[in-house]
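Undergrad: Each chain, letter by letter, is given below.
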Amino acid sequence: MLNNKTKNRLTIFVAISILTIIAIVFIFKTLEDNVLYFYSPSEISKTDEINLNNKIRIGGMVKEGSVKTSEDEIKFIVTDFKKEIIVSFQGTVPALFAEGKGVVAEGKLKDKKFFVAKRILAKHDENYMPPEIKKNLNKNAK
Amino acid sequence: MNLNIFLMNGHGFYVWSSFLLTTLACLFLFLKTRKSLKKLEKEFIKEAKTLTNKEFEDIKKQKVVKAILLSYSKN
Amino acid sequence: MFKFLNPSYVFHLTGKILNFVKIFILPISIIGIIFALFVSPRDYIQGESVRIMYVHVPSAWISLLCFASISFLCILNFLFKIKSASLIYKSLAPIGLVFNFIAIFTGSLWGKPTWGTWWVWDARLTSMLVLMFFYIIFILSYKFIKDDSKALKICTSISVLGLINLIIIKYSVHWWSTLHQQPSINLSGETTVHYSMLIPLSIMLCAFLLYSALIFLMKYRIETIRVKRKRLKKL
Chain X
1 MLNNKTKNRL TIFVAISILT IIAIVFIFKT LEDNVLYFYS PSEISKTDEI NLNNKIRIGG
61 MVKEGSVKTS EDEIKFIVTD FKKEIIVSFQ GTVPALFAEG KGVVAEGKLK DKKFFVAKRI
121 LAKHDENYMP PEIKKNLNKN AK
Chain E
1 MNLNIFLMNG HGFYVWSSFL LTTLACLFLF LKTRKSLKKL EKEFIKEAKT LTNKEFEDIK
61 KQKVVKAILL SYSKN
Chain A
1 MFKFLNPSYV FHLTGKILNF VKIFILPISI IGIIFALFVS PRDYIQGESV RIMYVHVPSA
61 WISLLCFASI SFLCILNFLF KIKSASLIYK SLAPIGLVFN FIAIFTGSLW GKPTWGTWWV
121 WDARLTSMLV LMFFYIIFIL SYKFIKDDSK ALKICTSISV LGLINLIIIK YSVHWWSTLH
181 QQPSINLSGE TTVHYSMLIP LSIMLCAFLL YSALIFLMKY RIETIRVKRK RLKKL
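Residue numbers (my numbering), protein chains in the order written: chain X, 1 to 142; chain E, 1 to 75; chain A, 1 to 235.
So that you can see chain X by itself, here it is in the shape it has in the complex (with noise of 0.2 Å):
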């Protein structure tokens, strides 16, 4: 059915595009640690060894109850619900910063259980709803 000239077209394309598509795989595979925008407190206290000079980010929720303002410091434990981590930070936190909601710091660990923060973004999840509704659903709950 197909000419010559098309299927030699074919086979180049289907060989080139498959190798490419194993390259890529290959890079992302190696470069895992740099796509990642940030770890998990269980990802960091399952590395053996950490670079306490090297900036990093750690990500997850900011456990209900532990946010603690001091004066120049605000202070928080970020959890992803099985490890957590300490987290201080001086400075202002963004205003959708709350209690039980995503959290990414910016800085560097001083062990593996306290992490001293640069900066602090905060991460929002994919549910969007007016507040009449949430309240709703809130009164739904209890």
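Read the hints as simulated data drawn from the structure, not as lab findings. Any given hint could turn out to be false.
[What the hints assert, rightly or not] Straight-line Cα separation of at most 20 Å, DMTMM-like style, residue types lysine to aspartate or glutamate; simulated pairs:
{"#": "1", "chain 1": "A", "residue 1": "Lys234", "chain 2": "E", "residue 2": "Glu41"}
{"#": "2", "chain 1": "E", "residue 1": "Lys46", "chain 2": "A", "residue 2": "Glu223"}
{"#": "3", "chain 1": "X", "residue 1": "Lys83", "chain 2": "X", "residue 2": "Asp111"}
{"#": "4", "chain 1": "A", "residue 1": "Lys112", "chain 2": "X", "residue 2": "Glu126"}
{"#": "5", "chain 1": "A", "residue 1": "Lys170", "chain 2": "X", "residue 2": "Asp111"}
{"#": "6", "chain 1": "A", "residue 1": "Lys234", "chain 2": "E", "residue 2": "Glu43"}
{"#": "7", "chain 1": "A", "residue 1": "Lys170", "chain 2": "X", "residue 2": "Glu43"}
{"#": "8", "chain 1": "X", "residue 1": "Lys118", "chain 2": "X", "residue 2": "Asp72"}
{"#": "9", "chain 1": "A", "residue 1": "Lys230", "chain 2": "E", "residue 2": "Glu55"}
{"#": "10", "chain 1": "A", "residue 1": "Lys230", "chain 2": "A", "residue 2": "Asp148"}
{"#": "11", "chain 1": "A", "residue 1": "Lys170", "chain 2": "X", "residue 2": "Asp125"}
{"#": "12", "chain 1": "E", "residue 1": "Lys63", "chain 2": "A", "residue 2": "Glu223"}
{"#": "13", "chain 1": "E", "residue 1": "Lys42", "chain 2": "A", "residue 2": "Glu223"}
{"#": "14", "chain 1": "A", "residue 1": "Lys233", "chain 2": "E", "residue 2": "Glu47"}
{"#": "15", "chain 1": "X", "residue 1": "Lys108", "chain 2": "X", "residue 2": "Asp33"}
{"#": "16", "chain 1": "E", "residue 1": "Lys66", "chain 2": "A", "residue 2": "Glu223"}
{"#": "17", "chain 1": "X", "residue 1": "Lys75", "chain 2": "X", "residue 2": "Asp111"}
{"#": "18", "chain 1": "X", "residue 1": "Lys113", "chain 2": "X", "residue 2": "Glu43"}
{"#": "19", "chain 1": "A", "residue 1": "Lys233", "chain 2": "E", "residue 2": "Glu43"}
{"#": "20", "chain 1": "A", "residue 1": "Lys230", "chain 2": "E", "residue 2": "Glu41"}
{"#": "21", "chain 1": "E", "residue 1": "Lys66", "chain 2": "E", "residue 2": "Glu55"}
{"#": "22", "chain 1": "X", "residue 1": "Lys83", "chain 2": "X", "residue 2": "Glu126"}
{"#": "23", "chain 1": "X", "residue 1": "Lys82", "chain 2": "X", "residue 2": "Glu43"}
{"#": "24", "chain 1": "A", "residue 1": "Lys234", "chain 2": "E", "residue 2": "Glu55"}
{"#": "25", "chain 1": "X", "residue 1": "Lys63", "chain 2": "X", "residue 2": "Glu43"}
{"#": "26", "chain 1": "A", "residue 1": "Lys170", "chain 2": "A", "residue 2": "Glu223"}
[Claimed, not checked] Away from chain X, derived, C-beta distances all over 10 Å, residues of chain A:
{"#": "27", "residue": "Ile17"}
{"#": "28", "residue": "His194"}
{"#": "29", "residue": "Leu232"}
Because the structure is a prediction, the values reported are computed rather than measured. The beta-carbon is built from N, C-alpha and C at its ideal position, and this holds for glycine as well.
Since chain X is already given, all that's left is putting chains E and A on it; use the hints.
TA: Just chains E and A, lined up with the frame of chain X:
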């Protein structure tokens, strides 16, 4: 007049500028496309007129050419 | 049936559809903007800044859809030498680029009040930026490479790489940890946007699609006249 409709609790700047940016970008592409379409139609007709009468009658038989001539004469 | 493949019939048809689109585009855009800016409710966490979603999400979708169609047609043209496909993908490329640009910039304007930053190098945002470069290289290569078959080869390579990039964009938020949230609207599965926000979103999507159709048809006419003009010069 309720000013908060425009201020949007401090988010007004972000909301308005993103809507403005979208409108401007869309308008830019539209105007640019319309300009080049008109220019091209004009040039095409100019070139067609330099042909001899017989050639001109020949290409006029093609429907596309007819449509181009028609849409140009409308403007 | 076959008259749909006839270029002169298609050209005639573009004119008719163009008039039709011109009637509807302004009212629908205005209704969409009024719904998006004033009628729709604010979000329970994000407040008013959620309104940026109504321009950000449809433009991101259209830019992805455009690139998918461009790649498909370009590969089709490369493999089976369907020349008329090139008219379509050349007409689609500028639309995709503009919407990609809009998606990135409105995303940036959305990120500042919600995340607390204009830009981060996470997988979703970076792959979207890469798509913009693919669009630019694609357009430049068919515009400025005089040798048609060489241009087609380059465009096809960009198409293949771009298609892989599209898959990366789509799944970046699932495969890797990103600052960008997960998709809210899933064709198969749960949609996590309240219906009062889905209404303005779908009106805006309609408006953007109509706008894309408008530009596409005008561009298609431009490309057809270009082809005709080349033949005219050969006379």
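Undergrad: For each hint, tell me whether it holds in the structure or not.
TA: We went through each hint and held it up to the structure:
| no. | hint | in the structure |
| --- | --- | --- |
| 1 | Lys234/A / Glu41/E | 18 Å, holds |
| 2 | Lys46/E / Glu223/A | 18 Å, holds |
| 3 | Lys83/X / Asp111/X | 14 Å, holds |
| 4 | Lys112/A / Glu126/X | 17 Å, holds |
| 5 | Lys170/A / Asp111/X | 35 Å, violated |
| 6 | Lys234/A / Glu43/E | 16 Å, holds |
| 7 | Lys170/A / Glu43/X | 24 Å, violated |
| 8 | Lys118/X / Asp72/X | 13 Å, holds |
| 9 | Lys230/A / Glu55/E | 15 Å, holds |
| 10 | Lys230/A / Asp148/A | 14 Å, holds |
| 11 | Lys170/A / Asp125/X | 17 Å, holds |
| 12 | Lys63/E / Glu223/A | 16 Å, holds |
| 13 | Lys42/E / Glu223/A | 14 Å, holds |
| 14 | Lys233/A / Glu47/E | 8 Å, holds |
| 15 | Lys108/X / Asp33/X | 16 Å, holds |
| 16 | Lys66/E / Glu223/A | 16 Å, holds |
| 17 | Lys75/X / Asp111/X | 16 Å, holds |
| 18 | Lys113/X / Glu43/X | 12 Å, holds |
| 19 | Lys233/A / Glu43/E | 12 Å, holds |
| 20 | Lys230/A / Glu41/E | 13 Å, holds |
| 21 | Lys66/E / Glu55/E | 14 Å, holds |
| 22 | Lys83/X / Glu126/X | 23 Å, violated |
| 23 | Lys82/X / Glu43/X | 10 Å, holds |
| 24 | Lys234/A / Glu55/E | 12 Å, holds |
| 25 | Lys63/X / Glu43/X | 17 Å, holds |
| 26 | Lys170/A / Glu223/A | 31 Å, violated |
| 27 | Ile17 | 33 Å, holds |
| 28 | His194 | 4 Å, violated |
| 29 | Leu232 | 30 Å, holds |
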